[in-house]
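Engineer: Read off the chains here:
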Amino acid sequence: MTFSAQYLWLIPALPLAAAALGAVLPRTGRGLAAGAAIAAMVASFLVSCVALCTALADPAAKLVHNFAWFDLGSGVLRLGWLLDPLTAFMCVMVTFVGALIFIFSLGYMKEDKGYKQFFCFMSLFAAAMLGLIVANSLLLLFVSWELVGLASYLLIGFWFHKPAAAAAAKKAFITTRIGDLGLLLGMLWLYNSTGSLLFFDGGAGVLETAALGSLAAQVTVGGLAVSTAIGLLIFCGAVGKSGQFPLHVWLPDAMEGPTPVSALIHAATMVAAGVFLIARVYPLMAADQVLAHVPVHALTVVAFIGAITALMGAGIAVAQNDIKRVLAFSTVSQLGYMMLALGVGSWVAAIFHLLTHAFFKALLFLGAGSVIHAAHHEQDIRALGGLSARMKVTFVTFAIGTCALVGMPLFFSGFWSKEAILHAAHGWDVSHLPFYAAVLGVVLTAFYNTRLMAVTFFGKPRSPGAEHAHENSPVMTLPLVVLAVCAVVLGFLNTPVWPWLDTMLLGKAEVHGHSLMEGAGLMGLSVVLVALGIGAGWALYWRTTRTSASAPDPLAVRAPRLMTFLAAKLKFDELYDATVGRLNSAAAAFADFLEVWVWGGLVNLLARLGEFTGLVNRETDERMLNGGFDNVSGKVRGTGLAYSRAQTGGVHGYLRFLVLGFVILVLLVVMGGAR
Amino acid sequence: MNAPGTDYYLERAPLVLRDAIVQWSPVPAQWLVHQLITIVAILAVFGTFFAFTTIAERKLLGRLQNRLGPNRSGLPWWKKGPKLWGLTQPFADAVKTLTKEDIVPAAADKLLHFLAPVLVVTFSLLTFAVLPFGRNLIPVDLDAALLYFFAAGAATELAIFMAGWASRNKYSLLAAMRALAQVISYELPLLLSVVPVVLIAGTLSTQDIVLHQGHWTFGFLPHWFVFTPWGAAGFVIFLVSALAESNRSPFDLPEAESELIAGHLTEYSGFKYALFFMSEYFGLTALSGLGVTLFLGGWQAPCPFLQFIPSYLWFMFKLVGMLVFFIWVRGTLLRLRIDQLTRLSWQFLVPLALINLGNAAFWALTAGWTGPLQLVRWGVSLAIIVVPFVLIGRRLSGTRAPRIYRYAAS
Amino acid sequence: MTLALFILALLILGSAAVAMALRNLIYSALLLIGSWAGIAAFYLWAGAEFVAFAQVLIYVGAISMVVLFAVLLTKQGHAPEPVEFTSLSRFITGLIAGGGVAGVLLGAILGMPLDVRTAQAAPSLTVKELGARLMGPHTASLLVIGLLLTVALLGAVLLASDKRPDQPEDAP
Amino acid sequence: MSPLQLCLILSSLLFCIGLVAVMSRGNAILVLLGVELMLNAANINFIAFWRYGPHPEAGTGIIFVLFSIAAAAAEAAVGFALVIAIYRHQQNIRLQEANRLKG
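Protein chains in written order, with numbering that gives the first Met the number 0: chain S, 0 to 674; chain X, 0 to 409; chain D, 0 to 171; chain W, 0 to 102.
Watch out, some of these pointers could steer you wrong.
[Said to hold, decoys possible] 16 Å max Cα-Cα, derived EDC-like pairs, lysine to aspartate or glutamate:
1. S:K459 <-> S:D379
2. X:K58 <-> X:D92
3. S:K169 <-> S:E145
4. D:K127 <-> W:E56
5. D:K127 <-> X:D142
6. D:K127 <-> X:D207
7. X:K169 <-> X:D108
8. S:K169 <-> S:D179
9. S:K391 <-> S:E466
[What the hints assert, rightly or not] Okay, the calculated beta carbon distance ranges per label pair:
10. D:V17 <-> S:L180: 51 to 59 Å
11. X:K169 <-> S:L664: 47 to 55 Å
12. W:A41 <-> D:A139: 15 to 23 Å
13. X:I308 <-> D:A139: 31 to 39 Å
14. D:G154 <-> S:L31: 52 to 60 Å
15. X:A105 <-> S:G637: 53 to 61 Å
16. S:V23 <-> D:S123: 42 to 50 Å
17. D:L9 <-> S:L664: 26 to 34 Å
18. D:G154 <-> X:H214: 24 to 32 Å
19. S:V669 <-> W:A84: 54 to 62 Å
Bear in mind the hints are in silico, worked out from the structure with no lab data behind them. Every residue gets a Cβ at the ideal spot worked out from N, C-alpha and C, and that includes glycine.
Only chain S is shown next, with the shape it has when bound in the complex (with noise of 0.2 Å):
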């Protein structure tokens, strides 16, 4: 069969189609929604699997499809669709992954009453990730951009009637947003200076040799290259989206939503989203690396934010107790890990972190709504216990998962994705510092993981939700058992021995690989880190198992302000609160003090001064003189009424003003030209 990027369309259209019948559906076409979400999704991931094959038949090829959008008159707006291996792995990836998550979902939403809303949202919001991934104009990529900002928006409220999930819709919005207006602004200005947003275009692209000679040649405010500030305004949408430092906030609260929204948007698509942006204009992003002399490349930016990223959420996540919120926070944590391997100049390494990620993630957030479900929604792990025994399967795959997050050597997918990461960033000429925290972060998430595990699956049930808890049915558990066994393969699609996905996406022809004991110093340097983790782990909470839901945790009762402060998550929150709510609040108050003291005591002022006026004009006519200024404030008097009857309120009046005064303006200019 051949295919071209004519039909990528298709992609997006599947879901975006099954979510406009579940908007017309009424309410009691439940079954029929979810049937066509996810029959949607089963014929994306089967187009995206021949799209994949397409590409990887030529994985240097850029295969583009652009069209006239729409005709402004002076120019015309052209959008397109863009096929290449990179394209490829994320549809394959954002469509099984989310075909999981929908059958996930048939048995974790089927009591709650806006099942069939649930699916409608759901499929638009693929279909908006998957329009993302397959534009090839930066134009089409921001509209499926804000799709995806708003279907998530409608998701993480999706139980709008708690005030916290409405709270926490707002906040992911509007934390988002912030970002997107710099992706807005340096979206004009890269049409601005190229005069088009196609990625490729034979040459015209914005991504091409051509577009990004010009825009590093030039250098606009503080010496920076052009390239440079569009990049830079371009990482802030992403910084939004993929919630890095210091635009992580909305990310935790986001947990409101139900778990497979939590799924589908911690794991495939909007946090995946900032990545693959930074990915996509790579390109653009890496122009400023000639230039010697610049203040700052923008890749720099990147890889230090997404070091420091790393580091703090992996911190956080220590001292959570949430379930959802303590695989949040490792979300963070982990999107800063692939920011780093971007601005470390591995886009590769970032993008196999990605969807290795992407799997182990979903699975590891099913599992979570699995113990959640059984447990009668019980979220809070101190309360949890004991449930190895009796959730075989989830057990089973949710560690399979916590081994992979955590980098377990050899066999699990995130060791070999992490491996590379560590690996790119030690290679880094530029600073060591973020290697530094990434190693950091290792120790830390072996360290949160095992805490993560031991709290919630030994030991004793310490409620009665978990308790009475007992495995899901088959719907819920085979896409768990699915995840898991992707969770372990997908990792030696791209092992130092054989690099298949490197040379795929890097567009090479043949698969060269190296010896694993060239980078063995490195890995057994992480080998022993992440034991060092889960040694301490396991002295501080296995050892000694959690007997009650209330006892203290062991960590806070050695550190106790160390602990405190990371469950506060280092006071972002109270931090935005006292610097830009209190400036607003200040701002405000100041226009309030403004107005009464300022323009009122102006006002005040003026009403004094024309009483002190009156009084001396009074003292003066009463003691000195008398009728000749009666006279005269009689008359100033009737200047002012005759005045005030202008303002009648009329509209008469007015216009009749207005068109006087238009005739002698006419005239008067007329008369002027004459002389």
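With chain S's structure known, arrange chains X, D and W on it following the hints.
Structural biologist: Quick look at chains X, D and W alone, frame taken from chain S:
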């Protein structure tokens, strides 16, 4: 088979006749005579047509209601002769209305009261100017003919309003208000049901639209628009809206006898009443003619070998068919309430017409699909219109309480 | 040609002027409809067929209906209260201002050496070409107009509706 | 006098009729009708310049009139909705009494 073309002698007969008469007149007045002949022909043909439509309606309604209808009137000077099945009844009616007293209420606005019936007939006659009656027969072949048709048609409701207001009668005024509400509600679906035809045919000219439908698949399946999914849906919407636009039952609210005496006609008598009556039938005929033109292939024959029958006769056959259908509807359906009327329009017809527009766009986009893809095209197009129809219909009827037949035996 | 223009102008201006001076609003509206129809005839005269029919369809078919509805809904139909020049001074100043504008405009028109195309044949533009222009270089404006109409429709419904949006459906 | 000038004079006179009506009539409906007249006068100008202008084949004048008619329709809808709102508020539609922003 050699299909008869534009110069087929029966096709040319009316034109030959006209040109012969024009030749007789002095040269400077020839253009005037030319136009006058067209006008007179339309007046004569459709005047007679109107007369026989009334008798057909009365007789058909009679049959539908299990009675005979008018059957007494024969020829006046032939007392003992045959009754001619009452076919001369319209002429007797004409004499009656012409000789009746013309009553104008004392409080009425004399000028407008007089002007309203004149205008209403004028405007409804104006619409005939752009209907293609035959292969060579179209009074004015305008480029924007459809727009003209609706522009002229919109003015008749204005005349109805004038009649209602000028009568100074509260029933008449209420009827006038109803007429306005109705035209505002139904103008939209009517126009929207026509737009797909314009989209597919790519022209506003009625003659070109008819020519666009003049082909046959396998030599006998006509390419009339009504035989496509979007065309069928558009035709149904058009029919319903046309019923409402021409104030026919079940949408005859402006002149609902049982509620408003006779609506805006209450204060009219004699010949003015007859004019209103006439304009209603003219409007109906014109809208039927438009429906025939847009959806039923106009003057095109259904099969190629039937082309020996001249095109204007085909137009007339189809027109009569449409009118009989309208009479049938009148005899069958009950009158709607005003709120049901507006709800039907805004919640059902307008959304469906909009969806149908999208359907036609799909049809136009997939014009290149052939072979098995043609089947896909038909299936998708059918689905696009049937699924919303069922869904919207179900939702609308779902909000109503279950029907209770209180006085019917269960 | 010019004679026809004169007759049309007389019709348009006469009916407009009388409409604006009458006391009975229904007469005003009907006369104004006549004036609009005259303007449509002027478009026909100028060769803009499509615009002429659009003018009739929209002004005579739609806007007039809205006007008549407004007149009847606000009970102005039989003029129970004086719909007259309540203030003579307002009328006079209005006339003076209007006259001033007319003077300025007429002076400008008559004083301008207008470069008139010598070819007097009316330019013809088929509906199809017009549509292509509309969907080609003027797409953006078309979209904006569509948006405007939608917003106006919603706004009109909101303004004219009896209920406040924040009140429940069946509040007394 | 050229036909173009005649058309322009027609339109400016129509404009002034509308203007006088707007300025001197107290009835809100009449005022709105005056505004409609002014819009129509502008349309006449567009058509006249299209007819006698240098590039009639571009059709800009016609397209502008179409947009203008659409805008006029929108204006009429909103305007008369406002009239009805005013009537509901003060039981008449005399514009000179509608002189408060708050009521």
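Engineer: Now look at each hint and say whether the structure bears it out.
Structural biologist: Each hint, compared with the structure:
As the CA atoms of K459 of chain S and D379 of chain S are separated by approximately 14 Å, the hinted pair is consistent with the 16 Å bound. Using a Cα cut-off of 16 Å, the hinted pair K58 of chain X and D92 of chain X holds, with the two alpha carbons roughly 15 Å apart. In summary, the hint linking K169 of chain S to E145 of chain S is supported, as the alpha carbons are separated by about 14 Å, within the 16 Å threshold. Of the pairs offered as hints, the one joining K127 of chain D and E56 of chain W holds, with about 13 Å between alpha carbons and a cut-off of 16 Å not exceeded.
Between K127 of chain D and D142 of chain X, the direct Cα distance comes to roughly 9 Å. Compliance with the 16 Å bound is thereby established for this hinted pair. Of the supplied pair hints, the one linking K127 of chain D and D207 of chain X holds, its CA atoms being roughly 12 Å apart against a limit of 16 Å. Under the criterion of a C-alpha separation no larger than 16 Å, the hint pairing K169 of chain X with D108 of chain X is consistent with the structure, at around 14 Å. Pair hint K169 of chain S plus D179 of chain S holds up; C-alpha atoms about 15 Å apart against a cutoff of 16 Å.
Straight-line distance between C-alpha atoms of K391 of chain S and E466 of chain S comes to about 14 Å, which keeps the hinted pair within the 16 Å bound. A beta carbon spacing of about 58 Å between V17 of chain D and L180 of chain S agrees with the range 51 to 59 Å that was offered as a hint. The beta-carbon spacing between K169 of chain X and L664 of chain S, approximately 52 Å, falls within the hinted interval of 47 to 55 Å. Taken as a hint, the range 15 to 23 Å holds for the pair A41 of chain W and A139 of chain D, whose Cβ atoms sit roughly 21 Å apart.
A beta carbon spacing of about 51 Å between I308 of chain X and A139 of chain D contradicts the range 31 to 39 Å that was offered as a hint. In this structure the hint that G154 of chain D and L31 of chain S lie 52 to 60 Å apart at CB is violated, the actual value being about 37 Å. A beta carbon spacing of about 56 Å between A105 of chain X and G637 of chain S agrees with the range 53 to 61 Å that was offered as a hint. Separated by about 45 Å at the C-beta atoms, V23 of chain S and S123 of chain D satisfy the suggested range of 42 to 50 Å.
Taken as a hint, the range 26 to 34 Å holds for the pair L9 of chain D and L664 of chain S, whose Cβ atoms sit roughly 32 Å apart. Taking the beta carbon of each, G154 of chain D and H214 of chain X are about 47 Å apart, not inside 24 to 32 Å as hinted. Checked against the given bound of 54 to 62 Å, the beta carbons of V669 of chain S and A84 of chain W, roughly 42 Å apart, lie outside it.
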